[in-house]
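Asker: Spelled out from the first residue to the last, the chains are:
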Amino acid sequence: MENESKEGGQFQVWTCRRQHRSQPRQQDKNVSDEEENRGAAAAAKATNLSWAHLHCSSMAGRRALKAVLIDLSGTLHIEDTAVPGAQDALNRLRQAPVAVTFVTNTTKESKRHLLDRLRRLNFDVQEKEIFTSLSAARSLLEQKQHRPLLLVDDGALEDFTGIDTSEPNAVVFGLAPDHFNYQTLNKAFRMILDGAPLIAIHKARYYKRKDGLALGPGPFVTGLEYATDCKATVVGKPEKTFFTQALSDLGCSPDEAVMIGDDARDDVSGAQNVGMLGILVRTGKYREGDENKINPPPHLTCDSFPAAVEHILQKLL
Amino acid sequence: MADRGWPDCAKSLKGVVLDLCGVLYDSGEGDGVAIPGSIEAVQRLKTSDLQLRFCTNETQATREKFVAKLQRLGFDISVSEVFSPSPAAVAVLKQRGLRPHLLVYDGVLPEFDSVDQTNPNCVLIGDAAENFSYQNLNEAFRVLMGLEKPVLFSLGRGRYYKETDGLKLDVGVYMKALEYACDLEAEVIGKPSPMFFQSVLSDMGLQPCETLMIGDDLVNDVGGAQHCRMKGVQVRTGKYRPSDERHPTVTADGTVDTLAQAVDMILAQRGH
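These protein sequences, in sequence, are chains A and B.
Counted from 1, the first sequence has number 54 at position 54 by our numbering; the numbering is strictly sequential.
Counted from 1, the second sequence has number 6 at position 6 by our numbering; the numbering is strictly sequential.
Worth flagging that the hints you see were computed from the coordinates, not collected in a lab.
All figures in this text were calculated on a predicted structure; none of them were measured in a lab.
It is possible that some hints are incorrect.
Away from chain B, derived, C-beta distances all over 12 Å, residues of chain A [unchecked claim]:
#, residue
1, Arg-138
2, Lys-144
3, Pro-177
4, His-179
5, Glu-225
6, Ser-253
7, Arg-287
8, His-299
With a Cα cut of at most 16 Å, we get these calculated EDC-like pairs of lysine to aspartate or glutamate [as the list claims (entries may be wrong)]:
#, chain 1, residue 1, chain 2, residue 2
9, A, Lys-144, A, Asp-164
10, A, Lys-187, B, Glu-179
11, B, Lys-149, A, Glu-288
12, A, Lys-208, A, Glu-79
13, B, Lys-65, B, Asp-116
14, A, Lys-293, B, Glu-81
15, B, Lys-94, B, Asp-116
16, B, Lys-168, A, Asp-80
17, A, Lys-208, B, Glu-139
18, B, Lys-65, B, Asp-49
19, A, Lys-208, A, Asp-80
20, B, Lys-11, B, Asp-257
21, A, Lys-208, A, Glu-158
22, B, Lys-149, B, Asp-170
23, A, Lys-210, B, Glu-139
24, B, Lys-46, B, Asp-8
25, A, Lys-208, A, Glu-288
26, B, Lys-11, B, Asp-253
27, B, Lys-149, B, Asp-113
28, B, Lys-239, B, Asp-257
29, A, Lys-187, B, Asp-264
30, A, Lys-128, A, Asp-159
31, B, Lys-168, A, Glu-225
32, B, Lys-14, B, Glu-187
We put the beta carbon where it would ideally sit given N, CA and C, even for glycine.
Go ahead and model the full structure; you've got the sequences and the hints to work with.
Answerer: Spelled out as structure tokens, the structure:
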């Protein structure tokens, strides 16, 4: 409480948003969330003078926390099993005056598919709160008017519905373990050598499956880059544009946001590189010492998602 | 003694190392064709007082298989004179007590028969072609990730090569993939690795300065040999391109039209 007078502005924002939160969430959460965000923005504007104080406060120059980005696989759940206590932790987080977005580097699963699984695992999530690397890829294709060869899992295809794929002039590289083989890679390689741009959904090194660690798209993209002497355009985490796009949908800036994930580079380092705080959880793909592989180190490394939420509730608000 | 240039250096040579494809023969349908004069050139080197070895990055067949092909083309060549990455790898593995998980072409597997492959503590990849499936790469990846000190060997580091039905990704691409996945650097066995040239020198019992490498690949043959302080001469056959003679980082000690011309010049210097 000793910071209360210094952070009066922040306190007002909370108060304002808590009032919104106290309304029943279940009726139409999408609309409700938008209203809350607008409410927070208005409150922030009204207390503009107080921001100066915040910059000098114990929050090390950071502005009041407005958004929490949460990784899915490895952080909230591992395949079809929820991380113990994660649902309750998410509910507790939702009681706080922060917006929540689920950001994921999926190459295999459509938004609908992700949503189905999260709901099956009893997570309180809306489809519009999900921002994936597939959505980011689609945006790029539309913007550049590319006709892609889609090397993505069948399950991901529905997120590309309506995109022209005739006479492809670009390679979109996701991860499709069932379709991946020497021939497919040779085909992509020849297209790229002939001038087709290489768009990578993301460059993750590996991910965790029930049966152990498995190669992500990153190694294959790196190999193709080496073969063709070209650079892939990466659209997923840890690219800066991925985080800024996710945050701009929420109308907040990086220094008002924190990212929670199990991947030191893609989640934590990527987020911290745009000015967010990054929290590394020791679940999913986390391996001993991962926190030492990135510089600067994570804002926090903790056992699992519930501990990350506790930290946010107690230390960052 | 002052360092002598080509072809003057031939006077003090004690050994010659030849690349195979593009120097002795051109690959093509069936066994390919011998490059004119090369069969006789090899013969002349053999009957001279110079030691002779052959050094190739071939990893899709056993040495027995491709030496038999060269013999059918008319070359006097035996398996014991040929250095290819696989036997070099076997020597390294045994020397360091390493048990490999192999991801290689089926045709080269017999080369590794003498190596203990139980409970692997390293991964070795070659140009596995169709064997580079997601499943197989993932297996190699998991072995590496399970090791406290992961060691990855790659038989060469080529990007791609040409086959009759088009360009094919070479082992270097998959080496890069695993390097990235596991955040490590592979040890390359084969040209241009110094270790590979060193094994040829050890076998001959010669110093680098007493040895000349002749090849068609400026970077892997000539550059690799020079990096070991051997002399390197490029032939204008095989994958030679005129731009090689203006290469930004590698300058051959000499450039000759064919292996036959190189051998003529070497033997002339030595008073044969």
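Asker: Now tell me if each hint is right for this structure.
Answerer: Here's how the hints hold up against the structure:
{"no.": "1", "hint": "Arg-138", "in the structure": "holds (24 Å)"}
{"no.": "2", "hint": "Lys-144", "in the structure": "holds (26 Å)"}
{"no.": "3", "hint": "Pro-177", "in the structure": "violated (5 Å)"}
{"no.": "4", "hint": "His-179", "in the structure": "violated (8 Å)"}
{"no.": "5", "hint": "Glu-225", "in the structure": "violated (8 Å)"}
{"no.": "6", "hint": "Ser-253", "in the structure": "holds (32 Å)"}
{"no.": "7", "hint": "Arg-287", "in the structure": "violated (8 Å)"}
{"no.": "8", "hint": "His-299", "in the structure": "holds (22 Å)"}
{"no.": "9", "hint": "A/Lys-144 with A/Asp-164", "in the structure": "holds (12 Å)"}
{"no.": "10", "hint": "A/Lys-187 with B/Glu-179", "in the structure": "violated (22 Å)"}
{"no.": "11", "hint": "B/Lys-149 with A/Glu-288", "in the structure": "holds (14 Å)"}
{"no.": "12", "hint": "A/Lys-208 with A/Glu-79", "in the structure": "holds (8 Å)"}
{"no.": "13", "hint": "B/Lys-65 with B/Asp-116", "in the structure": "violated (23 Å)"}
{"no.": "14", "hint": "A/Lys-293 with B/Glu-81", "in the structure": "violated (46 Å)"}
{"no.": "15", "hint": "B/Lys-94 with B/Asp-116", "in the structure": "holds (9 Å)"}
{"no.": "16", "hint": "B/Lys-168 with A/Asp-80", "in the structure": "violated (38 Å)"}
{"no.": "17", "hint": "A/Lys-208 with B/Glu-139", "in the structure": "holds (14 Å)"}
{"no.": "18", "hint": "B/Lys-65 with B/Asp-49", "in the structure": "violated (28 Å)"}
{"no.": "19", "hint": "A/Lys-208 with A/Asp-80", "in the structure": "holds (12 Å)"}
{"no.": "20", "hint": "B/Lys-11 with B/Asp-257", "in the structure": "violated (20 Å)"}
{"no.": "21", "hint": "A/Lys-208 with A/Glu-158", "in the structure": "violated (24 Å)"}
{"no.": "22", "hint": "B/Lys-149 with B/Asp-170", "in the structure": "violated (26 Å)"}
{"no.": "23", "hint": "A/Lys-210 with B/Glu-139", "in the structure": "holds (15 Å)"}
{"no.": "24", "hint": "B/Lys-46 with B/Asp-8", "in the structure": "violated (20 Å)"}
{"no.": "25", "hint": "A/Lys-208 with A/Glu-288", "in the structure": "holds (15 Å)"}
{"no.": "26", "hint": "B/Lys-11 with B/Asp-253", "in the structure": "holds (15 Å)"}
{"no.": "27", "hint": "B/Lys-149 with B/Asp-113", "in the structure": "violated (25 Å)"}
{"no.": "28", "hint": "B/Lys-239 with B/Asp-257", "in the structure": "holds (13 Å)"}
{"no.": "29", "hint": "A/Lys-187 with B/Asp-264", "in the structure": "violated (45 Å)"}
{"no.": "30", "hint": "A/Lys-128 with A/Asp-159", "in the structure": "holds (14 Å)"}
{"no.": "31", "hint": "B/Lys-168 with A/Glu-225", "in the structure": "holds (14 Å)"}
{"no.": "32", "hint": "B/Lys-14 with B/Glu-187", "in the structure": "violated (29 Å)"}
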